[in-house]
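S.K.: So the protein lines, in turn, are chains L and F. Mapped onto the working numbering, the consecutive letters of the first sequence carry residue numbers 1 to 113. Mapped onto the working numbering, the consecutive letters of the second sequence carry residue numbers 1 to 119.
Please keep in mind that the hints were generated in silico from the structure rather than gathered at the bench. Please note that a few of the clues may not be correct.
Unchecked claim - With a cut-off of at most 25 Å between alpha-carbon atoms, the simulated DSS-like pairs for lysine-lysine come out as follows:
#, chain 1, residue 1, chain 2, residue 2
1, L, 76, L, 100
2, F, 14, L, 100
3, F, 55, F, 20
4, L, 81, F, 64
5, L, 112, F, 41
6, L, 81, F, 107
7, L, 112, L, 100
8, F, 107, F, 41
9, L, 57, F, 107
10, F, 55, L, 57
11, F, 66, F, 14
12, F, 55, F, 14
13, F, 41, F, 55
14, L, 81, F, 41
15, L, 100, F, 20
16, L, 57, L, 112
17, F, 107, F, 55
18, L, 68, F, 55
19, L, 76, F, 107
20, L, 100, F, 107
21, L, 112, L, 68
22, F, 55, L, 100
Said to hold, decoys possible - Anything over 10 Å on all C-beta distances counts as not near chain L; from chain F, calculated:
#, residue
23, 18
24, 63
25, 65
26, 93
Glycine residues also receive a C-beta, built at the ideal position from the N, C-alpha and C atoms.
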Amino acid sequence: GQNIDQPTEMTATEGAIVQINCTYQTSGFNGLFWYQQHAGEAPTFLSYNVLDGLEEKGRFSSFLSRSKGYSYLLLKELQMKDSASYLCAVRDLSEAAGNKLTFGGGTRVLVKP
Amino acid sequence: GAVVSQHPSRVICKSGTSVKIECRSLDFQATTMFWYRQFPKQSLMLMATSNEGSKATYEQGVEKDKFLINHASLTLSTLTVTSAHPEDSSFYICSASEISTAGGNEKLFFGSGTQLSVL
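For reference, chain L alone in the conformation it holds in the complex (with noise of 0.2 Å):
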């Protein structure tokens, strides 16, 4: 099985960065992914790391680093649009060939002005 763990809830002020920290247990590890999910809606794919370092796209950013098990995602220069849930999920290596991720609990983020 998999354990992931990240913070329940962020906050943060507009124009600012916050981290969002996730780290996993699992017995064959094959890429992590974040997502981002607004309140009601369906999650949408921000990134993908399966190899170390950091991954950048625009104002989203995300780290993996898998000796320690752990990944971040980066929000800069926060909007309040970015007010949502991130999730972080990972697929297990026995579980590659279905595409089968285990979600973490999501962290939600509040933005304030």
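Model the placement of chain F on the given structure of chain L, informed by the hints.
M.R.: Below, chain F without anything else, positioned relative to chain L:
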């Protein structure tokens, strides 16, 4: 990008009735679709993996006789909540991926979700 259509978006039903939710991949073929359930302020919990042409694989603790899954074609999977009860009230989301080779960065595309309320 790939689109997954799910409907209905919202359904209210009486206790004891059955509800069917449809999930369609509109512009790609999905041999595998996934059904998730999400309670308020919680994350997605995988219920089952739907495989085209074969029986679904259910996660531990999910009753297969209560949550019937049919994946009759490469573009359609259905979830039927049988004899629904108030505790089944939840947000149900389907997902599918456009897979050519396994293990890559294939993104899961999610349907828009179905909010089920059982009275």
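S.K.: Hint by hint, say whether it matches the structure.
M.R.: Cross-check of the supplied hints:
no., hint, result
1, L/76 x L/100, "violated (29 Å)"
2, F/14 x L/100, "violated (33 Å)"
3, F/55 x F/20, "holds (17 Å)"
4, L/81 x F/64, "violated (39 Å)"
5, L/112 x F/41, "holds (19 Å)"
6, L/81 x F/107, "holds (23 Å)"
7, L/112 x L/100, "violated (35 Å)"
8, F/107 x F/41, "holds (23 Å)"
9, L/57 x F/107, "holds (16 Å)"
10, F/55 x L/57, "violated (39 Å)"
11, F/66 x F/14, "holds (16 Å)"
12, F/55 x F/14, "violated (28 Å)"
13, F/41 x F/55, "violated (31 Å)"
14, L/81 x F/41, "holds (18 Å)"
15, L/100 x F/20, "holds (23 Å)"
16, L/57 x L/112, "holds (23 Å)"
17, F/107 x F/55, "holds (23 Å)"
18, L/68 x F/55, "violated (37 Å)"
19, L/76 x F/107, "holds (23 Å)"
20, L/100 x F/107, "holds (11 Å)"
21, L/112 x L/68, "violated (32 Å)"
22, F/55 x L/100, "holds (16 Å)"
23, 18, "holds (24 Å)"
24, 63, "holds (20 Å)"
25, 65, "holds (22 Å)"
26, 93, "violated (6 Å)"
In summary, the structure is inconsistent with hints 1, 2, 4, 7, 10, 12, 13, 18, 21, 26 from the numbered list given earlier, while agreeing with the others.
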